[in-house]
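Okay, here's what each chain looks like letter by letter:
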Amino acid sequence: MATAEEVAKAAERRDIRGRWLLSAPALLVILLAATGPLLIVLVYSFLTPGPYGDVKWQFSLDAWTSVFLERDIFDDTLSIAAAHVTIFWRSIKLAIITTIATLALGFPTAYFMATRSEKTRDLWLFLITIPFWTNLLIRTFAVLQIIRNEGIINTILLKLGLITAPIQILYTDTAILLGMAYVYLPLMVLPIYASMEKLDFRLVEAGYDLYATRFQVLRRIIFPLVRPGVIAGSILVFIPALGAYVTPIVLGGGKNLMLSNLIELQFGQGRNWPLGSALSISVMIIVMVALLAYVRNAGSSGVRHG
Amino acid sequence: MAKNFSIKHQPGFTAVAATCFVVLYLPIIVLVLYAFNAANSTSEWGGLSLKWFRSAWQNTEVIDATLRSFQIGAIAAILASIFATMAALATTRTAPYRGLTFQYAAINQPLMVPEIVTGVALLIFFSRIKIFTGYSGLGYLIAAHTAFCIPFAYLPIRARLENMDLTLERAAADLYATPWKTFRRITLPLLWPGILAGLMLAFVISLDDVVITEFVKSGGQDTLPTYMLGQIRRGITPEINAISTAFLLLSVAIVTLFFFISRKRD
Numbered sequence: 001m002a003t004a005e006e007v008a009k010a011a012e013r014r015d016i017r018g019r020w021l022l023s024a025p026a027l028l029v030i031l032l033a034a035t036g037p038l039l040i041v042l043v044y045s046f047l048t049p050g051p052y053g054d055v056k057w058q059f060s061l062d063a064w065t066s067v068f069l070e071r072d073i074f075d076d077t078l079s080i081a082a083a084h085v086t087i088f089w090r091s092i093k094l095a096i097i098t099t100i101a102t103l104a105l106g107f108p109t110a111y112f113m114a115t116r117s118e119k120t121r122d123l124w125l126f127l128i129t130i131p132f133w134t135n136l137l138i139r140t141f142a143v144l145q146i147i148r149n150e151g152i153i154n155t156i157l158l159k160l161g162l163i164t165a166p167i168q169i170l171y172t173d174t175a176i177l178l179g180m181a182y183v184y185l186p187l188m189v190l191p192i193y194a195s196m197e198k199l200d201f202r203l204v205e206a207g208y209d210l211y212a213t214r215f216q217v218l219r220r221i222i223f224p225l226v227r228p229g230v231i232a233g234s235i236l237v238f239i240p241a242l243g244a245y246v247t248p249i250v251l252g253g254g255k256n257l258m259l260s261n262l263i264e265l266q267f268g269q270g271r272n273w274p275l276g277s278a279l280s281i282s283v284m285i286i287v288m289v290a291l292l293a294y295v296r297n298a299g300s301s302g303v304r305h306g
Numbered sequence: 001m002a003k004n005f006s007i008k009h010q011p012g013f014t015a016v017a018a019t020c021f022v023v024l025y026l027p028i029i030v031l032v033l034y035a036f037n038a039a040n041s042t043s044e045w046g047g048l049s050l051k052w053f054r055s056a057w058q059n060t061e062v063i064d065a066t067l068r069s070f071q072i073g074a075i076a077a078i079l080a081s082i083f084a085t086m087a088a089l090a091t092t093r094t095a096p097y098r099g100l101t102f103q104y105a106a107i108n109q110p111l112m113v114p115e116i117v118t119g120v121a122l123l124i125f126f127s128r129i130k131i132f133t134g135y136s137g138l139g140y141l142i143a144a145h146t147a148f149c150i151p152f153a154y155l156p157i158r159a160r161l162e163n164m165d166l167t168l169e170r171a172a173a174d175l176y177a178t179p180w181k182t183f184r185r186i187t188l189p190l191l192w193p194g195i196l197a198g199l200m201l202a203f204v205i206s207l208d209d210v211v212i213t214e215f216v217k218s219g220g221q222d223t224l225p226t227y228m229l230g231q232i233r234r235g236i237t238p239e240i241n242a243i244s245t246a247f248l249l250l251s252v253a254i255v256t257l258f259f260f261i262s263r264k265r266d
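Residue numbers (my numbering), protein chains in the order written: chain Z, 1 to 306; chain W, 1 to 266.
Since the hints were derived computationally from the structure, they do not count as laboratory data. All figures in this text were calculated on a predicted structure; none of them were measured in a lab. There's no promise every hint is true.
Now the stretches of chain Z that chain W is said to cover, found in silico as 3 or more residues with beta-carbon under 8 Å [to be verified]:
id, stretch
1, 25–32
2, 111–118
3, 125–131
4, 202–213
5, 229–243
6, 247–261
Cβ-to-Cβ under 8 Å is the rule here; a few derived chain Z residues that face chain W [stated by the list, open to error]:
id, residue
7, Trp20
8, Pro37
9, Ile40
10, Val41
11, Tyr44
12, Leu105
13, Ile138
14, Gln145
15, Val283
16, Leu291
We put the beta carbon where it would ideally sit given N, CA and C, even for glycine.
Isolated chain Z (complex conformation) (with noise of 0.2 Å):
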């Protein structure tokens, strides 16, 4: 007996030693490639920038200090780097905006979606899939030929006689909104969807029957059920939108910059790698935050994906 239970445990133990054999080349290679320089990035927010750029290495705090802090050339003091404060207030308020306006148009999308018959769905799925897996730089470039002053959007509203002057979109906060919102639109819809589509009608059915309005079993019976999808459309859109990168520069015209564009900044002409160092790993702060938020609303939410 225990001659078996040994040699079925030495099996198992094969088995999972063979398993990870298996997933040793990816797990190495993201290492290596994505998430193990993360940890250098720690390392190199604490040290002093070199003339060339790169570091010295010396350790010290000032890359943290002026992320937020700035300090005078001349006596010294230390106050409030508003530049910086700006750009992190323009990024997170974009970002949560964003969230939000491709929530609003999302949810009812992907209502309307999930309430046709099963033939249609898979046509519109693939409808908002397209979009989904386009270049995000050419549709971004889309957005800023419908939104200049030469666009379709302006050039309308003057023959029609509306405005007389075109309208200055492009180059603004606005426009980036507009673009961020436009692009990250698909990443909202698909996972409301998958949510949707495992909705059972009968529920709903069951609140009708017993008086509920539209509004009610919208916000007492859909709503809760499709809440992780909303969830997680929600930290799809918000984390690739607080580190927007090609949007602030095609749309935004480098003027209203975005955090990544700080710390783009900061490893060129800024030639201040442990700031650019330490606003990195801010930015990961504030995901790890919103992640964090995510994991405590899916677990408390009480529905399972079923």
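For this one, chain Z is given, so just place chain W on it according to the hints.
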């Protein structure tokens, strides 16, 4: 069932959905239309013409960047789907074992980090290695692309594996097939659609990347997206529309293929 009361109706939802679909496609349609513009600027319409496609085709920078994109994308996608297949085999169809959650989290990790942070991390890390080894070829870009493609390739392969029937493999083992033979003759053919879907996803993801490439590339290593970003920064010509249109067509073709492969239920 009462005809005039649909339990699925919600006021205004259809209108919002219709607006979304129109808004999603309208800019893309305008972009494609302007690719066929004969005028020299994007502000006016000068009639239909293919001249911007021709000009893009004759632009060696564009061709070089395109070929580089394909090369990186193909190698990264193949490597990523091989590694993802192995990882999927290791993490599915098993009783939970110690480290399984870790492996799962590690593989999906690149999805949780904003691209800009990964870009910065790789810039720092690879610049060290470049100094250390003196090598500054495409290897860095391929490694970076492989890494962030793995979770995307992993998704469909894992999904396919989880829905697969174990009885055929057991039957093969009962008939004295070696584990390798069972894998070659049974598991792999059944898994193939998943691997193909993963391969295509990874290729599209690699082809689309701007941020990480922008930070990792050395001089003269522009891919098509980073080349286009540089051009857009400098001011736009209908040539960008023409390149975008060609790129769009390719993406749509791949996505369509992917869609039909992954939707096929058997």
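Hint-by-hint comparison with the structure:
1. 25–32: holds (count 7)
2. 111–118: Coverage by chain W holds here, the residue count being 4 at a Cβ distance below 8 Å.
3. 125–131: Per the Cβ count (6), the hint holds.
4. 202–213: holds (count 3)
5. 229–243: holds (count 4)
6. 247–261: Contact hint for the stretch 247–261 of chain Z vs chain W: holds, 5 residues under 8 Å.
7. Trp20: Where the cut-off is 8 Å and the nearest Cβ of chain W is about 7 Å from Trp20 of chain Z, the hint holds.
8. Pro37: holds, 4 Å
9. Ile40: holds, 5 Å
10. Val41: holds, 5 Å
11. Tyr44: holds, 6 Å
12. Leu105: Nearest chain W Cβ about 5 Å off; hint holds.
13. Ile138: holds, 5 Å
14. Gln145: Gln145 of chain Z check passes; min Cβ-Cβ to chain W is 6 Å, inside 8 Å.
15. Val283: Holds: closest Cβ of chain W sits about 6 Å from Val283 of chain Z, inside 8 Å.
16. Leu291: Leu291 of chain Z check passes; min Cβ-Cβ to chain W is 6 Å, inside 8 Å.
Going through the hint list in order, the structure satisfies each hint without exception.
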